[in-house]
Amino acid sequence: MKAQTISATPSKTIARPLLEFDAVERRYGPNGKVIAVAGVTCAIAKGSFVALVGASGSGKSTLLKMVNTLVEPSSGTVLFAGEDVCTQPPAALRRRVGYVFQGIGLFPHLRVSENIAIGPRLAGETLPDERIAELLDLVELDPAMAQRMPDALSGGQRQRVGVARALAGDPELLLMDEPFGALDPITRDALGERVLELHRSLGLTTVMVTHDMAEALLLADRVLVMDKGEIVADETPQSLLAGGGGDVAQGLVAVPREQAERLAAMEDAGAGDAQ
Amino acid sequence: MPAPEMRSEGVWAVNGFWETLFGLGDKLAAHIVLCASAIGLGIVVALPLAVWAARSPMAARLSLGFASLVQTIPALALLALFFPVLLSLRAVFGEDLPTLGFLPSLLALALYALLPILRNAVTAQANLDPGVLEAADGVGMTGWQKLRLVEAPLAAPFIMAGIRTAAVWTIGAATLSTTIGQPSLGDPIFAGLQTQNWILVLAGCFASAGLALVADALLGLIERGLANRSHWQYGAGIAAVLLGLGAALVAQIDPYEDERIVIGSKQFSENLILARLIGKQLREAGFKVEYRDGLGSAVLHGAVASSTVDISVDYTGTVWTNELKRTDNPGREAMYETLVEWERENNGTLVLGRLGFENAYAFAMRRDRARELGVSTLADLAPVASRLTVGGDPEFFERPEWFAVREAYGIDFGEIRNFSPTFMFNALEAREADAISAYSSDGRLSAETYILLEDPKEALPSYDAILMISPALSDNTKALDAIRPLIGAIEVDEMRAANFSVDREDDLKVTPREAARRLEETLGL
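Protein sequence lines correspond, in order, to chains A and B.
Under my numbering, the residue at position 146 of the first sequence is numbered 146, and the numbers go up by one with no gaps.
Under my numbering, the residue at position 319 of the second sequence is numbered 319, and the numbers go up by one with no gaps.
Derived by calculation from the structure, the hints in this document are not laboratory data.
Treat the hints with care, since some could be wrong.
Said to hold, decoys possible - Below, in silico cross-link-like pairs of lysine to any residue (SDA-like), each with a Cα-Cα straight-line distance of 25 Å or less:
#1 K280/B with V201/B
#2 K146/B with R111/A
#3 K146/B with L153/A
#4 K146/B with K46/A
#5 K146/B with P90/A
#6 K46/A with E172/A
#7 K146/B with D151/A
#8 K478/B with Y291/B
#9 K146/B with G124/A
If we strip away everything but chain B, and leave its shape as in the complex, we get (with noise of 0.2 Å):
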């Protein structure tokens, strides 16, 4: 029987959408705050390279393929391109030029804006009527007056046009840059995502929707002002838009931004808990504490290195592959020592410990079927493998994981196949596959119906959590005590638990603050 509270977190699913949706002020006002400063900086860009374009041939087909170019990037990789762009310059701008956060965000997203704006301006200016240009010329205005006088004032209805389009694709796509550490409606909708936890997808939908049809009914307002030569009409336009602007600026300040401990987390559930659990942690032992939710796994080790971010729970194998870019495996805790004193002496990261389990690379298979073919280890899988199939994520079987253990046991399975991670145990409850590629902390192995295959010749890296601490936050003495309780605390057992809960579809679904909560509560914290 579930407990009162478990049914209390199931009603949380349906009826907290509204208590949801208002909790994200502060969601919406770094959201605005980000969207209008991209759209201002495309419209700086955007109007003299239209003016530009409108004078010579060349400048238009330049600029106009070049944003349109620009347009062809996925929203998501040109956020993610700006991180090493970014990286590169600060051989120029020094060592305090931002990665992540706002400033990508900003660079990407205006780049986003470009191609509407500038588009929208250079065919308002070819469509101009020439009568009307040879009779400003015959007037005797200058080039410059010819643009101020005439030719801004009679594109501006179109040029508003081109912004409304830039504004409203800015505001989706802003939804975007919550993977590279910048505060916007995209966290509850990535945290959502990855705890299947709907109402926090549908706020954080909702609202970006919501925000994105006021923006373009207000500057449609204003267009129409233009259009109509109402000054009214686009005054009370501007004025609202100025006033929400105002609004989420005001939203923004924080006296207390500096004092806090940023907690930043993965796109998974057991990041994501793992956060909760640090948080509490440190807010017990009175710190003010903020998250950053579903950030990428590069993403989030740059930020930590920067001090953008101040802890994150990390994994030594992923550590090992992406930063030290090494692919050889010098065993478990060589791994370790290694690995800590590569970011004591890069990074200045300090690796506070292991929090006791590994999230590695693992074969699962179904219980009966393992005792049927009598098989414990990768060892006793190697005889019998060709005549079984094995399932994994399609990235898995282009890893050096794959590879090493291919090695190192002789496996050769008789057939492979694809299968989305969400469907990998399906596959295996339907027999479509004997074994598959696992994480060996997933909550789906808890149940009694799977087990893992044993690594005796230690081929699959070892994949230990362990505590990430920024540079900024390293001699913190007080905040690292209130942490340190974490060290090695957690069983693989307990973890998977606690994931289950959270992945689970079931009424007995719980939030990633709630199994934190459990956890915290089963290490007796």
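For reference, chain A alone in the conformation it holds in the complex (with noise of 0.2 Å):
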């Protein structure tokens, strides 16, 4: 399907990014007064692994929204592949693009392969057991998990079949919202290097939103940082760590490296005192 769409219309789908904003607003409240996105514009290519970081109430969920249109823009587009998403039925929008949701969002009803294989439902297939052992085994979950409920599983187990879950319609975009925020650090890291193997190994074009800049050096090869609505840097990881992006990237940048820096220093005195 989607190598016969690039062969009818090769020189557009090659030149166009997978994903634009063009001056995306999104406001709030009576009379708009409250601004969550404030004019965004920006396109992302696909293949590439974007992180959008921001403290909170920088607007970074609400544009990730935009894009499955689980929040509409006030003004402004966002074209998917060259096609407006207002424009789209949302459902058939949100199957073609995989959504990890920052609170799981299981659902508890349903066994972890009803769970798996609910997108390929809705669209009236049935998604075999082959495919979702499959896709157990692409976040490395014991597929014998199929069976149980969400509620008998840790939260890791819980979020990695959320990546399943949105793995499993074979989308050509992946929406992750702070995917790891509820996660013990080792879980985290480990769970968050996987989703990088995956992006690599399918080919797939990510946008992630998290608050963690280490997180976001460390999967990215991208970094959009937003500030009061707006992208106020888009970097590499590499020009951010050289001191690019400017006050609030940098600053961001700075909780990381002084953790660092004071851990590194610390095993220093350590290595001292034992001398």
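Put the two chains together into one complex, using the hints given.
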């Protein structure tokens, strides 16, 4: 299917970014006084892993949700594969876009296998057991877990199921909203690495919202920093570490860097004591 | 010395509980069918409302507000209110729209069942995890898919809890549907209360409470099954509920229903006894008979007019005031004749005739006190009234009968006291009152102790007991011939004796049926 689309309009598809924001705004409240996203223009190429980083209330989650129209823009347009997302039937659009939720959002009354198969089921397809086992394997879970209920899983296992569910429909785009926020640091690290591997091996385009700059720097190939509804920095991890991107971005980079330096200093001091 | 059969009546009162209880099968079946229909209708209305309410705060406020308002109306009043409502709806749906019995009971009880189901469904939806709802949108569910695949299954255990509450309420409240002519487990309760037959009351309450407990347990099983996602648990619950419902429906099928003559009675002993007396005459003539006991006065009158009930005993004064809306008193004969004509023209009801006695408002005094004061008529009472205390039920001193007496004789009592009807004669006995308002056929008057004051000016309207025949039965000459011997046959003393035998509270108390048998014997029918 995708291959056919590409061959039909090769020049356009190759030239065009997969995702484009054009002067996108989102306002809330009476007379639209509260601005969540204030005029974002930006394009995301196919195959990239983009991290949206910012403090709470910077508008990063709202921007992400406008991609699959969980939030609709007040003005401006979001183009997915060249088409305005708002003109597409929401259900059809959301089946093409894998989504990993901050709150995980597994359906508590459905088994793990049914949770994973929900997207295809909505499209009238039945996901074969082998495919469910393969998806569980992708997120490093025992395929025997397919028959469990979500409340019988740990938090980390649940979010792995959440990732498997997002991948079940062979999406072109993977959106992740603070996907590892509720997990313990070890699980978080492991799952982040796994997602990055999947991103590469499956040839995904991934947009991840996070407030953790270290996570963004380690996983993404492009980091967008948001502040007060605007994109204030658009850099590669390397250039951010080299001091680029301006004050807000550098403020965020400074946190993990200082932590790392303090840890290194403690190590040195510890080594000194031992001598 | 009491006769042996009286002893057996006494024994009946102690040992007859289980016998009475197992005799309630048809009432139980009617009760189950009524409650299940009402809860079903409640669910059908409440669930779409709840879905709407979850999407519109205004709808939530309005629907919950309405359901709560309904809940503040006493169940008895709600049931009674549907009679005039349905009567006025006949203008739209035609004269065949039933105004009594199943339909109004169903509607009132369904309204009553609405609140718990609606409230639980709305609360359940409001408390669904927002993360799960967002995920439902995020994976691409349409509104309908979200409702069907996520919201409904997650809310189901809570909705079931609401249905459970509604079921218990409805089963209790449905006993009140007896008063609007719907057979239910309220029949034995109301009949028992009127005749102070506590076994009957107890059996009715026991059956109703038992049914509520069983329904609660089965619905609870379904609720737990839904919560634990245990298919066998809620499957078994649903199967048991359907089985019970099916059995009740089968029991309700009555091949002889059309052939039966339905005799209605009001909520007091005399009417119950007379209903049994009439029924006995009809059965002996080969008819099948069904009793609809404990109906309200206006309800019973309407039931006869609409042929829901075929025969009742009413009273001229009651119909005169309540139905003809007249306040004047043209005298006993003129009142009867006007009424017969009015019933024929307005309702098609046949007034077959008068039974012979009156159950009128009257004033009673202790015989010795009356002699002491030299009083035997209301006219004698006037000059001494200012020194006397009169007792009456709270309603009496607001009634036109009281105003008429006061005006006609210029009676001005020194003190007016209110007593409940049960304690009226105790008040007279204890000299708390010198005179009381009474009913002329009251069984307690047959004791030698009391006299009824005469009413020479005919200020009190007459309350002749009359036989009312529904339009449907009015051309059944065989049935009418069977009950015609009752016309003019019953003296007030005989009625009092029969009433007393049912109302008394000692070992000699008998059932209305037995009292009817004895009355028949006395009358030589």
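Right, here's what the structure says about each hint:
no., hint, verdict
1, K280/B with V201/B, "holds (24 Å)"
2, K146/B with R111/A, "holds (17 Å)"
3, K146/B with L153/A, "holds (24 Å)"
4, K146/B with K46/A, "violated (31 Å)"
5, K146/B with P90/A, "holds (13 Å)"
6, K46/A with E172/A, "holds (9 Å)"
7, K146/B with D151/A, "holds (21 Å)"
8, K478/B with Y291/B, "holds (19 Å)"
9, K146/B with G124/A, "holds (15 Å)"
When each numbered hint is compared with the structure, a violation occurs for hint 4 only.
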